[in-house]
Structure formats: C-alpha cells, structure tokens
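Following the hints, put chain V in place on chain C, whose structure we already have.
Residue numbers (this note's numbering), protein chains in the order written: chain C, 657 to 988; chain V, 1140 to 1394.
No wet-lab data here; the hints were simulated from the structure. Computed from a predicted structure; not experimentally measured. No residue lacks a Cβ here, since even glycine has one placed at the ideal position from N, Cα and C. Treat each hint with caution, since some may be false.
[Claimed, not checked] The following label-pair restraints were derived from C-beta to C-beta distances:
no.	chain 1	residue 1	chain 2	residue 2	range
1	V	Arg1333	C	Asn890	27 to 33 Å
2	C	Ala832	V	Arg1210	58 to 64 Å
3	V	Gln1223	C	Trp982	31 to 37 Å
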Amino acid sequence: MTATPLKRGLPVVALGGVTLVIVTLGAPFIGSTGLHLARVFTRAVPFADNVDAQIFFLARLPRALAAALVGCALSAAGVVFQGLLRNPLATPYTLGVSAGAALGAMVAITFGAAWPVGGVATASLAGALLAVLVVYALASARHRGLSTTVLLLAGVTLNAFFSALILFVQYVSNFADTYRALRWLMGDLDVASYLPIFAALPFIVVAFVAFAWLARPLNLLSLGAEAAGTRGVNVVLVQRVAFFSASIATGAAVSVGGPIGFVGIIVPHLTRLVVGADHRLVLPASALFGGAFLVACDALARTAFAPLELPVGIVTALIGGPFFLWLLLRRR
Amino acid sequence: MLLRAGDLRFGYTPARLVIDDVSLDLAEGTAVGILGPNGSGKTTLMRLLSGGLTPQTGVVRLDGVDVRSFRPTALARRIAVVPQETSLAFDYTALEIVLMGRYPHLGAFEVEGPHDLAIADAALESTGTRALAERAFRSLSGGEKQRVIIASALAQTANGEGAGLLLLDEPTASLDLRYQLEIGALVTKLRKERGITVLLSTHDLHFAASVCTEIVLLAGGRVLARGTPAEILTPTSVGTLYGIDAAAAAPFVRR
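Next comes chain C alone, as it looks inside the complex (with noise of 0.2 Å):
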C-alpha cells in the first residue's frame, strides 16, 4: 500500500471542477438564438450595441451560474443529510426546509404584491429557517444529542402540515397569484439578473466551510452515534453543525431557484459508485458533478421544446424520478 485511498480518488474531483466551468461557461452559447464566441467578447462593438454580449452576460450567463450554484448547494447538501441521517435515500427536502421556504414563497407571492424586490426569495429564505427551527427543537427536546428518528419524524410531518398551509394560501389567493406559486413550485432558474446569486452565496459558503469540518466525522458517523463516540468525534456536536449548515445552504438554493428536486439525491449516488463512500471525496465531487448536472438540464430545459422553456423542476424530476426507482430496487 502507498496511497491512501482518499489520494486515489482526487483526480474524480479535478475532473468536476473542470467538467463545471466548462459546462458553465458553455451553456450560455446554448440557446434559441446562436451566439458566436468572438462576437461575445469583441471590443469593436460598445456593449450597449452588441446583442450577443448582452444576451451572454446580461441573460445567460446569470442562469448558468444559478443553475452552478443551486446545483452545487443541493448536491453537497444532499451529501450530509444522508451522512446526518445515515440513509442514502435522504434528500435535502426530508427535513422539511422546502415546505417551509414554499410557505414563505407561497405566502409572499399571495399577500406581498406591495413588497420590495427580492420578496418571494426572502420569504422564502425566512419560511426554510423557520421550518429548521421548528423540527430542531422537536428533534432535541428530549435528547442530549439529536434523535435521527425523531428528526425524521418531525420532518415528515412538517412537510404535510406546511403543505396543508400551502394549499390553504392557494386556496384564498387569485388566480393569477396561483399561476406564480405553481410556477415557483415547479423549480424555475430563471433569475434574470446576478442579484439572487448574490443573495444566496453568502449563506452556501458560509455552509461550505462547515462541510469542509464535517466531511471526516460524517464517515465516522456512518459506523453509528455511539461508535463514533467512542472514536474521539463530537457526536452532537456534529450532528447539530451538520443539521445547520445543510439546512442553510439549502434554503438558500432553494430561495434562488425554488425547490428543484432530486438533483440532492442522484448525483450523491453517482458520486458515490466513482469515488467511494469517503465524504471528503463524497462531498466535492458532488457539490462540483451537482452544479455541471443542473447547469446542463437547465440547458435542455430550455432548448428541447424552444421557443417554450420549461422550468428546470420538470426536466430533473423526469430524469430523477425513473432513477429514485431504479435506486430501491437495486437496494432490494
């Protein structure tokens, strides 16, 4: 033996690295109208004047790189769920941070017609917090540490009470408040300035950084609670950091391009069958193949039936529902 097998696995997640800016910067030249590299990025032509610079940075470009960041938020966030809850069927929807960034969203678009710009997106951010807030102190009313069970069960109810009020909102809205809400429930990444990105990158690096810790005491954790105890990790502390920060760098994808779903559970997966279980591979390799694959069905979602776009929610859940499938019966 002369490498440890963490070193075998770092050319897998060079490769993500180079697979996202490619794909990223390469999106943007995908689209209804064609554009041409050198025209993009020509100085001949003042930028008020040349349409394809325009539509490259003004309109592309900020989709694509949504799309990177939600995709990359989503994918790693996916990761420690599955490592938090040692169950590789978890998403970072189980816990109820959608329902509640819905409720937020719901409640913003119905009854904050008069709110600042922004407003969908904060309500949002603020309905997945308070959600968190809701089923941590369920989960650790009565533990020292947090209860996976307990998390779990408090999540799934969440889910169906927030949707209860969800469908009540829609109810007392108008039909024109409806239409928005189902859209913004369908997963749209259609941002149309660089400002969501802005909003949301403070709270997914913030959320980053507490992966990077996570990622070797969530292997640990796979051996169980108390056995990663009796190793020297911080079990609840752990567990509360992991809890946090994945609930937040969710919320804010979530807040940026609705809750697009299953690309948290695939690209783990995937992941996992190249590199291994080690989430210090895990956890890179996904966040970097997360935001490639997003990028790249946002792509589709907007050119397979141009002039129509679909909202990117429906291309990945088209794609990741045949899959989710697939995943429990090979688990037999």
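Frame of chain C, contents of chain V only:
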C-alpha cells in the same frame, strides 16, 4: 493499574440503578471477562468505562486521571471499543474503516499520511485481514467484519500516549465456532505480543475461560465475584449467576 473504576453507580432513569456500586481494576496486559445474565449491566458498564456514559457517582481513572478530564480525542487514543455489531450506512472498504481509527490522531482538516497508512497496514496484518483491505466492508462475513473492526480499534490506540485498552462487547455473539476460535486466538495474541489490555463481555463460558486472565461476575448491576477463571467458573457460582441449578450449569463449565 491502567484503569481503575471506583464505586460506580448509574441508571438511565432515576428509579432504577443499572450499575450499583461497582468497582473494577484493570492491570496492564490482562484480559478481563465480564459475565452476567442479560440485563445485568455489562454493556452499560463498558460504556461507563469507555467514557461514553458518565456515572452518577464514582470515578473512572485511566493512569490515575479521571476520564472526564480527557478530551474525547485524547481518550479515544487510549481506549477503543469494539461493539457487538457494526452496520454501515455507506460502502466503505475495510481499509477505509481501519483508517477511520486514526481519527483522534489527526487535526480537524488533516488527512491520513504514510505513517497512518503504515499503522493501518500493521493492524490489518495482525488481525489477518490484509487480504480484505480493498473489499467492501458490507460484503464481509460476520467474523471478518469483527476482525476488521478490531483492526480499526488497534489503529486507534496505536502510538497513543500510553498503553492501549480494548473493550470488546460480546465479540463472539453470532459467530460460528471457527470464528469464535479465531477471535479468541487474536485477543490472546494481541495481549501477549502487543501488550494490549482487554476487557470483554461474553455469554460464552468456554470462550471466557480460554481467553481471560480474570473473570468478573456481574448480576443486577453488582459484582458477584471476581478471580481467575479456575476460581470463578465453578458450577455453583455460574448456577448462582444465571439463577439455575449447579447441576444444570455443570456441562457449561470446563473442569
């Protein structure tokens, strides 16, 4: 004395003490077996000794120092626990599991280096699991898993600040005769060749008699008797321990 536990009392609920005034000493290089009926507090006692649980009264001292004053990683470098069964959430290889034993030796963002790999290799070697290093842990048999976890425990206490202590919770439960013998031989080898101190709980009287230098009988959270296997494992005391006739216990005691 490597480990010294005095006057331990512990209950999961205030109404019922699971461990009721237990004192226990472990000398370096010994193998002590805890025998007792189901619910007698064996696993709880192991948790108290490993620092996983804090006793309501009494103190556990490692090299004379209260285990509660150790940082979790410092304690893990000295005391390793092998649970009855290990089920994994994800597909790690056996080598990755053994390298996880190095967790308490590394800083927060540090990765295992050649030194840790050499320690893991030696641990695989001494547990006879080197050929399994690249295999998926979940694909291994019960006995192979148990040996890989023991290898991980060895990697955990290797190069610690003092002698290592290995706690094994029913190491032969659910293993067939061949693996029972293998685990027994491994424990004796580790004790004799690497000077590792072992505390194990078991229901297997023959296993305890062949592996342990000392036996502790635990009943209802109290120590019933303690001594060498020859002194303790008699039909009378075993009968008393499990609440059966001495005559019924006799076939299970090696004479």
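Report task. Provide an ascending list of the numbers of those earlier hints which the structure does not satisfy. Result -> none
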